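Protein chains: 2
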Amino acid sequence: MAASRQLHLGAFMRPTTIHTGAWRYPGAFPDANFNFAHLKRFAQTLEQGCFDAFFMADHLALLNMPMEALKRSHTVTSFDPLTLLPALAAVTERIGLIATASTTFNEPYHVARKFASLDHLSGGRAGWNVVTTSNPDAALNFGLEEHVEHGERYRRGREFFDVVTGLWDSWADDAFLRDQEQGLFFDPDRLHVLDHRGEHFRVRGPLNVARPIQGWPVIVQAGASEAGRQLAAETAEVIFAATPTLADGQRFYRDVKGRLAALGRAPEQLKILPGAFVVVGGTPEEARAKRARLDSLVYYESGIAALSIALGHDASRFDPDGSLPEIPPSNASHSGRERAIALAQREGLTVRQLAQRLGGYAGLAMVGTAASIADQMEEWLLSEACDGFNVMFSHVPGGLDDFVGQVVPELQRRGLFRRAYEGRTLRDHLGLPRPANRFFPD
Amino acid sequence: MAASRQLHLGAFMRPTTIHTGAWRYPGAFPDANFNFAHLKRFAQTLEQGCFDAFFMADHLALLNMPMEALKRSHTVTSFDPLTLLPALAAVTERIGLIATASTTFNEPYHVARKFASLDHLSGGRAGWNVVTTSNPDAALNFGLEEHVEHGERYRRGREFFDVVTGLWDSWADDAFLRDQEQGLFFDPDRLHVLDHRGEHFRVRGPLNVARPIQGWPVIVQAGASEAGRQLAAETAEVIFAATPTLADGQRFYRDVKGRLAALGRAPEQLKILPGAFVVVGGTPEEARAKRARLDSLVYYESGIAALSIALGHDASRFDPDGSLPEIPPSNASHSGRERAIALAQREGLTVRQLAQRLGGYAGLAMVGTAASIADQMEEWLLSEACDGFNVMFSHVPGGLDDFVGQVVPELQRRGLFRRAYEGRTLRDHLGLPRPANRFFPD
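Chains A and B, in that order, are what the protein sequence lines are. So the first sequence is numbered by the UniProt record's numbering: it starts at 1 and just counts up by one. So the second sequence is numbered by the UniProt record's numbering: it starts at 1 and just counts up by one.
To be clear, the hints were calculated from the coordinates, so they are not data collected in a lab. Every value quoted in this text rests on a predicted model; they were computed, and no experiment measured them. Glycine included, C-beta positions come from ideal geometry on N, C-alpha and C. Just to be clear, a hint being listed does not mean it is correct.
[What the hints assert, rightly or not] What follows is a set of in silico ranges between Cβ atoms, one per label pair, in the way DEER data are often shown:
1. 234(B) with 48(A): 31 to 41 Å
2. 296(A) with 439(B): 28 to 38 Å
3. 149(A) with 439(B): 30 to 40 Å
4. 136(A) with 136(B): 29 to 39 Å
5. 178(B) with 136(A): 19 to 29 Å
6. 177(A) with 326(B): 37 to 47 Å
7. 292(A) with 178(B): 20 to 30 Å
8. 178(B) with 379(A): 35 to 45 Å
9. 149(A) with 422(B): 39 to 49 Å
Please construct the entire structure, taking both the sequences and the accompanying hints into account.
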């Protein structure tokens, strides 16, 4: 029985898990982010679980953290997403493949061509997570001494998007005749030369790749700032939201969906998928113990640094095994401080446990049995806080296998998630329309 | 029995065949350059034939030819090589994968990262064909009004190469400890920050990908100019040569190999593989008839344009079905004119046939039985005109299947080509050493 609304699930791979202690978890593959055999297995397992997409983050530099912390992080390296995802396309059949690519450190012709190629290679399964790149170290790898300022990054990003989508529309869907008898490979009347001349880019076109199978690969964004939300409302089809509580989720959902009507878009044309870190256990206690174990593997100094930032106060002098002391007022963000204090009280965490929680993963987490995680997901979906989730696994392969093996069947039993793919493209999975060609609307 | 020297064979895919009439040949797949199922089959067939590499050309714009000719050309579009080859890596085990990437229209950090990713994904099978891009239309897709001048392209290309190889050496081969117990993911003492500051590039590094399995992906070049030859002698490990005759091949081979000693390199460290267009028939007559059929499918006006350029004289007024008339002297290259006239006389070609030959493929061609093609290849190899070939197939799948099914076994019988892969990496296949890490020589 299908519920009136169903969840969409992306697997957020950064490149495998986001938790900084995950690679040390018992049974975890410490080289997973660099071992294609493992990554292939993960993608195939996710496809067995009918996930909408394998969603890959990107980094154009080492993460900017102190070396003492960096050397303990498995996220220090990862494959280029647009090199990994074509390989995964060749060993999967249905799952969508979303790659992150920066508009600040790329050329639109390359980005248009690579995503168009991936869409063709994969039979219409590509998605582009459009980011403007906030790591300032990336600029130093691309000839810039200073990071590009936020507003300028967004202006460039918007023009970049226009160029890329314009290039995707270079060819009408029926442009390629391939008439062997007449010797006509394409119809020149069904070819458009973009000839873009804007503030940031001059790109003549046309793209030397046929229009993507999906028209355009699915457009994904994650911006949470005002500029980011507005750009997403104008252009995105999926938003990767970072809403830590149900109330935050509902507010964000209302805000962004509310912007669509004025832009001539229907609410269904933009799916909002918050990130959700999941830890599955046979009992609630087992799940909590798993998470505690995972957090205990976080480098303590990294955790203390994260806690100090949250509190606006140096936490390194606190007794690690004591409870959080009273802290004098500071200029730190009140919400961060209040959340940290409330978290410590609610779960009865020591300073060490709180620090390692913040240094591991501090956003929305679902820790429990398959049934309780399904309850939470159902509540978010039915109370209009989301259209689904970008799931982040506690560790690989165990955490991924647990989710696919236990939570997915529970969601399916409740009619909240598909039991089989109905379509072939990522747009099919997400229920998104195929964009018309702006130059060949017929 | 292995001969004292053996051939190396690359399959040059542009993206499938270079001959402009190939897609119209009876039985040819007209959509081969855009159909992953076909491309996968080709790569797997080439791997069964023990080819050293699948070698993919690249174009950053439509080919710059008149629309009347362009619309008849199957080479108008192709996948981005660095998107296609990872997909082929996932469905093959041994064959090398060489992608063309331009130093004029890319950033070195991206190129270093993508090839390093491909090398890891493929188990050490990546090669980089370093090009400076001669199609002036490409500049218009990357914000430039005018094409970058030849000497400047080469200076930038050389610095680009230094940055990319420096980034590949960011990590010692043993840098990644992945010590789950101690929580140490890498050893910071085995990490080098490049901090390159040159005329064209400032790139801090390090690369956020481990050192490639091959140390560096194999470096391939095709430059034939003086600047191109010298750059190749300094940096290349494979040269894709364009030498139309045995004597040309021998001269080029002597010239380039002769430059190596002064650079401290051994002759074996640079393999010279001329492009060879092959047409296989059961008899010599059948092979010639196949080629004539193929040439007859070339758009006549394209052929006449090519012939006019070769002759330095407008050929469009000639009787297409007559023989080539006497032509008054001109300023055209003597060698091009003489070659065209000699070709027409040697093969008794009409104006139409000559034009279509030049408009199809006019370089080194081996047209005959498996035995006669093997004879030619053996002669080139043993007379030091090459170390092997980049084979260009007449059409796909037929021409490719003919070569793998008939010519490869003949070469194997003569001990001129491997019967099975002995190693796993492209360097293994080519007999090239693994480069030392310049920052961690131990």
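So, going through the hints one by one against the coordinates:
1. At roughly 50 Å, the beta carbons of residue 234(B) and residue 48(A) sit outside the given window of 31 to 41 Å.
2. At about 36 Å, the beta-carbon gap between residue 296(A) and residue 439(B) stays in the expected band of 28 to 38 Å.
3. The given range of 30 to 40 Å is respected by residue 149(A) and residue 439(B), whose C-beta atoms sit roughly 34 Å from each other.
4. A C-beta distance of roughly 36 Å is found between residue 136(A) and residue 136(B), which places it inside the suggested range of 29 to 39 Å.
5. Evaluation of the 19 to 29 Å hint for residue 178(B) and residue 136(A) yields a pass: the beta carbon distance comes to about 28 Å.
6. Hint check: residue 177(A) to residue 326(B), Cβ distance near 41 Å, so the stated range 37 to 47 Å holds.
7. Between residue 292(A) and residue 178(B) the CB atoms are about 23 Å apart, so this pair conforms to the stated range of 20 to 30 Å.
8. Take residue 178(B) and residue 379(A): their Cβ atoms lie about 39 Å apart, and the range 35 to 45 Å holds.
9. Between residue 149(A) and residue 422(B) the beta carbons are some 55 Å apart, a value that contradicts the proposed interval 39 to 49 Å.
When the structure is compared with the earlier hints, violations turn up for hints 1, 9 and for no others.
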